[in-house]
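All chains, please: the whole structure from these sequences, using the hints.
There are 4 protein chains.
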Amino acid sequence: MIIVFKHDASEEQVQAVVTRITELGMSPHLSKGIARTLLGAIGDEKILNAHPVDAMPGVERVIPVLKPYKLASREFKRENTIIDLGDGVLVGGPRFEVMAGPCAVESREQTLEIADILKGFGVRILRGGAFKPRTSPYAFQGLGEKGLKILAEARERTGMKIITEVLDADDAPMVAEHADVLQIGARNMQNFALLQRVGRLQRPVMLKRGMSSTIQELLLAAEYILKEGNSLVMLCERGIKTFEPATRNTFDISALPILKYESHLPVIADPSHATGIGYVIPPVALASMAAGADGVMVEVHNHPEKALCDGHQAVQPAPFHDMLEKLRTLAPAVGRTF
Amino acid sequence: MIIVFKHDASEEQVQAVVTRITELGMSPHLSKGIARTLLGAIGDEKILNAHPVDAMPGVERVIPVLKPYKLASREFKRENTIIDLGDGVLVGGPRFEVMAGPCAVESREQTLEIADILKGFGVRILRGGAFKPRTSPYAFQGLGEKGLKILAEARERTGMKIITEVLDADDAPMVAEHADVLQIGARNMQNFALLQRVGRLQRPVMLKRGMSSTIQELLLAAEYILKEGNSLVMLCERGIKTFEPATRNTFDISALPILKYESHLPVIADPSHATGIGYVIPPVALASMAAGADGVMVEVHNHPEKALCDGHQAVQPAPFHDMLEKLRTLAPAVGRTF
Amino acid sequence: MIIVFKHDASEEQVQAVVTRITELGMSPHLSKGIARTLLGAIGDEKILNAHPVDAMPGVERVIPVLKPYKLASREFKRENTIIDLGDGVLVGGPRFEVMAGPCAVESREQTLEIADILKGFGVRILRGGAFKPRTSPYAFQGLGEKGLKILAEARERTGMKIITEVLDADDAPMVAEHADVLQIGARNMQNFALLQRVGRLQRPVMLKRGMSSTIQELLLAAEYILKEGNSLVMLCERGIKTFEPATRNTFDISALPILKYESHLPVIADPSHATGIGYVIPPVALASMAAGADGVMVEVHNHPEKALCDGHQAVQPAPFHDMLEKLRTLAPAVGRTF
Amino acid sequence: MIIVFKHDASEEQVQAVVTRITELGMSPHLSKGIARTLLGAIGDEKILNAHPVDAMPGVERVIPVLKPYKLASREFKRENTIIDLGDGVLVGGPRFEVMAGPCAVESREQTLEIADILKGFGVRILRGGAFKPRTSPYAFQGLGEKGLKILAEARERTGMKIITEVLDADDAPMVAEHADVLQIGARNMQNFALLQRVGRLQRPVMLKRGMSSTIQELLLAAEYILKEGNSLVMLCERGIKTFEPATRNTFDISALPILKYESHLPVIADPSHATGIGYVIPPVALASMAAGADGVMVEVHNHPEKALCDGHQAVQPAPFHDMLEKLRTLAPAVGRTF
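Chains as they are written, first to last, in my numbering: chain A, 160 to 497; chain P, 160 to 497; chain G, 160 to 497; chain U, 160 to 497.
Hints are computed from structural coordinates only; laboratory data are not their basis.
Honestly, I wouldn't trust all of these hints.
All copies of an identical chain are treated as equivalent in the list; a pair is satisfied when it fits inside any one copy or across any two copies.
With a Cα cut of at most 30 Å, we get these calculated DSS-like pairs of lysine-lysine [what the hints assert, rightly or not]: (1) Lys485 with Lys165; (2) Lys165 with Lys191; (3) Lys226 with Lys386; (4) Lys308 with Lys465; (5) Lys278 with Lys305; (6) Lys191 with Lys465; (7) Lys236 with Lys165; (8) Lys305 with Lys191; (9) Lys236 with Lys386; (10) Lys191 with Lys236; (11) Lys465 with Lys226.
Here you go:
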């Protein structure tokens, strides 16, 4: 940590900070210049969370040097984390994984029909929301537990793995009973009660980046889960809020290589929620594979104009199949299997 | 709702949409031009939430016309909502209200000391967090129920009203027992489980705008609470995420007159979290009063350099007292009492 | 400047940086810790602009400590700069100044009519665009030199001072002949050729913040003008681009106190371009005065529905007069005259 | 264009708008509902630029339906524009093109050395700045005309095509004499004087997206050039300003397929300026090819630690060569040659 003093900080103010730093068990290194005095403080920066040196008189600002997360960092764990969902489905390994399915579980018939189609395309992970977070209270909110049971039936029928969102900490055990991967949605990325609850389950979790969260905040949210003892976390880039109105959000392609560099956790791309435009989803999915994502999550619906949720951004089975073919062609060129 | 067709939409595609609109009980009005065909659909637009006409072939985009919220709107209720906290403390009336106190309840001694000071300054609502949402899992997370009891003691001792955050839906009843106003923090603005839970309590709620939420999304989040039957909602502007690094967030001053125009609910400004800089808080508080806010929430700490949370953005009692004096001078010039 | 080394930087890499820093005439201060090595470099940081130490092996990042601007800073000049436009019109002094007028000079008749009205209201500075930067090439681009002559006639007739935009560096001398203040628009804030050209004229300049520019970038743009020898610069906050669609831009109210704190230059607020909504302009103008702005610029049009430019955001004379009355009431409460 | 009336608009107000629309030669279609009255106006929407119907009483808002640009749109020209730079270098055709070179022309020796290296790697277009737009007036501003002559020498020596930035409209003819492609930088995307000047030259132009410009604003800026008669325009995505601090800007990968869909103009990606991080540039370059870009521009420097400009974001020759090899492997998988 570096402490920058105000240009008119007094000698007493500087000494008071040096004393405080020393009391906190850190080692101070003072550099006095004509324009500014600097103080490097070497030691455990987390101590400073509870001791706001930046509020001391004479201090202009405090610049942290170390990463504020630990368990999620590649400095802590060098090798990639690979999450085993069973039956050879390994997220974060050499094989690129596709998660696909409707935005919401709308009915047993619709879910089984699309599951059969996706299974036939070679997709191994089925997505579908039973609990839906909706901006408007007047929008369809999901089938709840009934939806979970439909997903469980689809799993039994097709052998596909299931990923579905958990909205409420109280529902986490029930969702964990029916799903292979628990999804934490973007709006809940900083719902710390929920993060801690899924951190206490031994069940894979996919944590979506909040639409206004920095990459560092995403890693700190993952740290909440890891710290509780659950190391099976995958991260998901799904677009951030910007001024550009052409897409629903702005997909941050650079986040993919940065997350792979900073962290050992698998990284999934969600071009459906990021872009919200059917024809933009396949090129962004291909780009995500090229940029190093371990997988992609895509909304597919066989009758998008009847979808109860986000129909306009669903890809239909035929163009989705085209996209899979393109991903298959691309994979070996970037060193992946698929 | 207006449906804009693609420039090469076929006659059949247009007719299919007209038929669908009619089936949904809306009244279609077709306008054919050389470059584009438009279809105005008059009726209950909420029906469209579950019927994505924008996914039908030939449709370029669908433009909603009506506001998606109802109970929160001034079209629904003309006169200002005034929330009575008892003992003459009315939020949303002619008197400007100041909520002040430490970021977190750190100890009984600290809380009672600052409560006494603020009471002496004429502040009528005490803030203080017992449950703290923190970006880092290594930061101080609050005293929990013990903190609530300290706040209750401060209330009894000073007669001040208490506002404190509820983080977890399960804690809502316990918090409601000790607090006069339940605060929903920015990170939880779209925690729909929590919104619905506080919507079922008959207790005033202050809903903070998410740092990446639009004004419309804030009003839709308020709608979740109102729809459950709790009409005692106040809105809080606390800054949005932008590219500007000089302040913690960018305080959206325009949101104040827009919220007052679009909604009947009281509007509070929080310059502490928005700016994160001590010397910027008083001018933004004054600006908020001038722009029409019904009150302001400010973090005050008597020993900011020892604060366990956000010490750098806390105002000390002396400059806070100056700020109150300036607000008192300003109030009559903008038609408020204080 | 502080240099943070990678956690696995070698001793040789660290020494190479120490040697480079010393060669550049700076004084190095090394702090070695378990997790990271830091190097404080004390001296003229501008040297580093041409010597990218951050590209040297082993360096993780370089953190500047000093402000990159000098002439614009309050450390360089303590007292407020007051710009004298003649006849007692002093921008940056105790009197709050209002600049008002139409978006564009559309005709001689329209301009003189509105100038007479504004003069009658006590406004002392008339705004009006002769050269208009328009996002679309199909929009009205201004009357050019003819417009300048109309403005000069309005000045002669009313005694008001004139502010108008200069778009092209080549036009700067011609505009300077007719105008009291040259305006640099938001889209040209980093048109460095234009900044340098107006820097060589001894004529007051109002520099508008670019809609995607940080406060620091605005001060660096001002530095371009100051460095050429023109010290008559006023800064203008006019809103930044964010995700919020309710307003044209997001007015950054915090920028007002920050600019006043960091710089000695006068600061003007432009709520018209920032918000683009008629009813939001007066409360944001009042808020700007309360937050410490030295003046406000507002678009006023007597027939907005016939305006050739930005009619929807123009305030009509009657509500503008109301706004002036409110500013007059507010001014003494915040220590200004008006 | 659709006109939405306020819920309490009077019959007279509605009729006044209908009359105005009719006078303007547009065809009005009125739809009256219980909650709102709508008016569809079919005709040339550009007329409305000069006739702000949204300022008429009773109007809530006006929603444009047609794209505001024409010459840049794919509706106007179906087939891809291919820009022939001579010697078989065709931008926008099946072959992916790489533009590479240093940020700035620093010296004859440095430029010829890097040109020889890049030529050896098969790169056909050399970039290098002679005029540098720099945020700080204290940073290196480029060699000017001397730099242009060095670039011309590199062209003669290697046969490579040259792309370089033009900053000032007055310099455009001089730059056009020495360069094959004129670059308009992000900060000048809305420097309309400059756009018009290069529009009058018959020389290829690469127009970079402003860091706060929407995709639509980029296309409108291209329209300025096209409208003057120069149809040789390529567009360049180089990142937009967002709240994410990990990268210099946020590369908007979705802009690539959207620009290709909306426009016939070639699209180039610039991952160097977008990300500013050496290790992030190659994956974003690969992603850009996968998402449909026609080429990529990358800053390469053989001694980045001595670069006078942006050394930290320059890729060194060896990793750049690796990146080219990966692009060569990827190209056939996405249907390109390279």
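Verification of the supplied hints:
1. Taking the shortest Cα distances, lysine 485 and lysine 165 sit within 30 Å of each other only across copies (27 Å), while inside one copy they are farther apart (57 Å).
2. Taking the shortest Cα distances, lysine 165 and lysine 191 sit within 30 Å of each other both inside one copy (12 Å) and across copies (24 Å).
3. Proximity of lysine 226 and lysine 386 under a CA criterion of 30 Å is satisfied intra-copy only: 16 Å inside one chain copy versus 39 Å between copies.
4. Proximity of lysine 308 to lysine 465 under the C-alpha cut-off of 30 Å is restricted to the intra-copy arrangement: shortest distance 22 Å within a copy versus 52 Å between copies.
5. In this assembly of identical chains, the alpha carbons of lysine 278 and lysine 305 lie at most 30 Å apart only when taken from the same copy (22 Å versus 53 Å across copies).
6. In this assembly of identical chains, the alpha carbons of lysine 191 and lysine 465 lie at most 30 Å apart only when taken from different copies (26 Å versus 69 Å within one copy).
7. In this assembly of identical chains, lysine 236 and lysine 165 lie within 30 Å of each other by CA distance solely across copies; the values are 16 Å between and 39 Å within a copy.
8. In this assembly of identical chains, lysine 305 and lysine 191 lie within 30 Å of each other by CA distance neither inside one copy nor across copies; the values are 67 Å within and 42 Å between.
9. For the homomeric pair lysine 236 and lysine 386, the shortest alpha-carbon distance inside one copy (14 Å) is at most 30 Å, but the shortest distance between copies (48 Å) is not.
10. With identical chains, the CA atoms of lysine 191 and lysine 236 are at most 30 Å apart between copies only, with a shortest distance of 23 Å across copies and 38 Å within one.
11. Taking CA atoms no more than 30 Å apart as the test, lysine 465 paired with lysine 226 passes between copies only; the shortest distance there is 23 Å, against 47 Å inside one copy.
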